[in-house]
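Heads up: the sequence lines are chains A and B, in that order.
If you're matching positions, the first sequence starts at 54 in the working numbering and goes up one per residue.
If you're matching positions, the second sequence starts at 225 in the working numbering and goes up one per residue.
No lab work stands behind these hints: they were computed from the structure.
As the structure is a prediction and not an experimental result, all values here were calculated from the model.
Watch out, some of these pointers could steer you wrong.
Facing chain B, a subset of chain A residues (Cβ under 7 Å, in silico) [what the hints assert, rightly or not]:
1. 140
2. 152
3. 156
4. 160
5. 163
6. 175
7. 179
8. 182
9. 183
10. 325
11. 329
12. 335
Ideal placement from N, C-alpha and C gives every residue a C-beta, glycine not left out.
Residue-level listing of the chains:
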Amino acid sequence: MDLDLLTGFLASAVRVATPLLFAALGETMSERGGVINLGIEGAMLAGALAAALGGAAGGVWAGAAAAILAGVLVSLLFALVAVRAGADQIITGTALTLGAVGLTGAINRQAFGAAGVGLTLPTFPALPIPGLSRLPVVGQALFSQSLLTYLGFVMVPLSWWLLYRTRWGLELRAAGESAKNSRAAGVQVTRLRTMGVLIGGGMAGLGGASLVLAQVGTFAEKMTAGRGFIAIAIVVLGAWNPVRVLGAALFFGAAMALQFLFQSLGSGVPYQLFLVLPYLLTLATLAGAWGRTAAPADLGKEESEG
Amino acid sequence: MTARAGARRWALRLAPVAAVAVGIAVLALALLVAGYDPGLALGALWRGAFGSTDAVLSALLPRAIPLITIGLGIGLAFRAGALNIGAEGQFYAGAVAATWIGLLLGGWPRLVAVPVVLAAALAAGLAWASLPILLRLRFGVLEVISTLLLNFVAEALVSWMVQGPLQESRHVYPQSDPLPLAARLPALPGTRLHLGLALALGAAVLLWVFFRYSLPGFQFRATGSNPVAARVMGGVNTRRVFALALGASGGFAGLAGGFEVSGTSFALFQSLSPGYGFTAIAVALLARLDPLATVASGLLFAALEAGSSAMQREAQVPAVVVWVAEAVIIIAVLLSDTWRRRRAHAVVEA
Numbered sequence: 054m055d056l057d058l059l060t061g062f063l064a065s066a067v068r069v070a071t072p073l074l075f076a077a078l079g080e081t082m083s084e085r086g087g088v089i090n091l092g093i094e095g096a097m098l099a100g101a102l103a104a105a106l107g108g109a110a111g112g113v114w115a116g117a118a119a120a121i122l123a124g125v126l127v128s129l130l131f132a133l134v135a136v137r138a139g140a141d142q143i144i145t146g147t148a149l150t151l152g153a154v155g156l157t158g159a160i161n162r163q164a165f166g167a168a169g170v171g172l173t174l175p176t177f178p179a180l181p182i183p184g185l186s187r188l189p190v191v192g193q194a195l196f197s198q199s200l201l202t203y204l205g206f207v208m209v210p211l212s213w214w215l216l217y218r219t220r221w222g223l224e225l226r227a228a229g230e231s232a233k234n235s236r237a238a239g240v241q242v243t244r245l246r247t248m249g250v251l252i253g254g255g256m257a258g259l260g261g262a263s264l265v266l267a268q269v270g271t272f273a274e275k276m277t278a279g280r281g282f283i284a285i286a287i288v289v290l291g292a293w294n295p296v297r298v299l300g301a302a303l304f305f306g307a308a309m310a311l312q313f314l315f316q317s318l319g320s321g322v323p324y325q326l327f328l329v330l331p332y333l334l335t336l337a338t339l340a341g342a343w344g345r346t347a348a349p350a351d352l353g354k355e356e357s358e359g
Numbered sequence: 225m226t227a228r229a230g231a232r233r234w235a236l237r238l239a240p241v242a243a244v245a246v247g248i249a250v251l252a253l254a255l256l257v258a259g260y261d262p263g264l265a266l267g268a269l270w271r272g273a274f275g276s277t278d279a280v281l282s283a284l285l286p287r288a289i290p291l292i293t294i295g296l297g298i299g300l301a302f303r304a305g306a307l308n309i310g311a312e313g314q315f316y317a318g319a320v321a322a323t324w325i326g327l328l329l330g331g332w333p334r335l336v337a338v339p340v341v342l343a344a345a346l347a348a349g350l351a352w353a354s355l356p357i358l359l360r361l362r363f364g365v366l367e368v369i370s371t372l373l374l375n376f377v378a379e380a381l382v383s384w385m386v387q388g389p390l391q392e393s394r395h396v397y398p399q400s401d402p403l404p405l406a407a408r409l410p411a412l413p414g415t416r417l418h419l420g421l422a423l424a425l426g427a428a429v430l431l432w433v434f435f436r437y438s439l440p441g442f443q444f445r446a447t448g449s450n451p452v453a454a455r456v457m458g459g460v461n462t463r464r465v466f467a468l469a470l471g472a473s474g475g476f477a478g479l480a481g482g483f484e485v486s487g488t489s490f491a492l493f494q495s496l497s498p499g500y501g502f503t504a505i506a507v508a509l510l511a512r513l514d515p516l517a518t519v520a521s522g523l524l525f526a527a528l529e530a531g532s533s534a535m536q537r538e539a540q541v542p543a544v545v546v547w548v549a550e551a552v553i554i555i556a557v558l559l560s561d562t563w564r565r566r567r568a569h570a571v572v573e574a
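Given these sequences and hints, build the entire structure.
Set out below in structure tokens:
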């Protein structure tokens, strides 16, 4: 393969992986606490719209901050219903995603008109790291990305440290394994789980921001197109461990970037085949990964107040 | 005591009504926040659903057909504990099959062609659901995730079909040729209301009888409420029940796709469904998974759908905004169920 082509492919793979990485790292926190949140698709979408609105009003940083806030708000609703009140997590998450699609659709039309945002949004520029970005192939892919991608990389060791090297992380993981035993040991399960969910929502919002402000450069209705759900699959594939989640996110980024590669190669294969590739890969990898990795034992279980 | 029990029963009956009221109220609030005139928008919504005989017969009822049909299947699956979030994809699988077969049956008598088209749609929905069944039973992949992801695959499949194998003969528009008359469901003259409604109502009654009076119906419910007890104490083959329930719900959704192509759109195109597969989750939950209540609940959400199209035309509000109301209704029903369960729990422990 042409070296330039490979370089371009790897660079777009990392760029495409960034929103997935944010959402998946956040969902790792949530699921380690025992809560599966399908609403991160909605949080991501809300984050994407907030990033567009904030970005148009006050630049990229305002956009990123607004996106985090929007993601936290969506997941706060989730936490109230599914963690505090103890309603079914799957259905609550699905409902919130539906609601987010509806609300973002309405606000988008009103804020940007029927035609959409256009290409007027500011975006995070590529920030080549002196020296490293000159490395052949990987230099472009890893060290000539936007600030948000670097932030995503930094979040990996940070999440790992939080989960495995702090008391908070230990208690969160304990709450995910057994809410009952943790309670007996004096751990404030509801509070920890709520925090895990809120972190997850904020990260999903940031994922939406990176989609708008560092990848696409505009907002469109339903633009997340299931990336939140793919992130949930990435968490499984990454065995609920931030470092392995990074690997899984990059793998999916590559799968999604394949369509750009094949478009530029001009093969006769219908483009829809490349659109479905990430979803099919997700299913295939889940089939291979599930059971071989240990999920938090209390994941997704409804809690009876005790 | 009896007075209190009576009051509780009334509260139980009124809970769905309250959920709907809260849903509409939040929708109005969301419209206001997004900068629309809620009065204008909700007025258009009402007229679009109930404003005239034509609105009811040609807008509301035709939309109730897929919603009731899919909702029945989702209710069936949820009752057995199979969380099928993939009805949208199964609907599209059914629509593709119905179009494909329907286009081949131009010379056939209607009495034969229509049942063949619907059977193909049902089979396709079932087939689309069979991969999640296999993934769950063989590999332990949660059906929530697999059914959900297959929605995106189905949408891409339709996109490819209408630009490839099933594209109309002039190869200009991304849609299929219109179905021949022989493959179309009969409709009430002068309206868009087709025979699918009668079939959906019949299915609702059959399912009600199934749950109420048959042993498999009881096993479905037992598996959904406590799979371990059903397997160990009741000797129920819970894996088989899971497969049957998820497969049947896929069949229902596929059939709905067949109804839509053969009764309403007469052609396949992208965004054939305005999210029926997701709305039907709200339909089933509001009906508390009861087949007969699903009919009422399906009519209500059909009114929202029909009204939302009118709202988009008349008040320039994106139709998708009614999903806000749907989300609120789902969550309100969940919360009321959760609280009731908790109170029952508290009473037992006291």
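Comparing the hints with the structure gives:
no.: 1; hint: 140; verdict: holds (4 Å)
no.: 2; hint: 152; verdict: holds (3 Å)
no.: 3; hint: 156; verdict: holds (5 Å)
no.: 4; hint: 160; verdict: holds (5 Å)
no.: 5; hint: 163; verdict: holds (4 Å)
no.: 6; hint: 175; verdict: violated (23 Å)
no.: 7; hint: 179; verdict: violated (29 Å)
no.: 8; hint: 182; verdict: violated (35 Å)
no.: 9; hint: 183; verdict: violated (40 Å)
no.: 10; hint: 325; verdict: holds (4 Å)
no.: 11; hint: 329; verdict: holds (5 Å)
no.: 12; hint: 335; verdict: holds (6 Å)
Checked against the numbered hints listed earlier, the structure breaks hints 6, 7, 8, 9; every other hint is satisfied.
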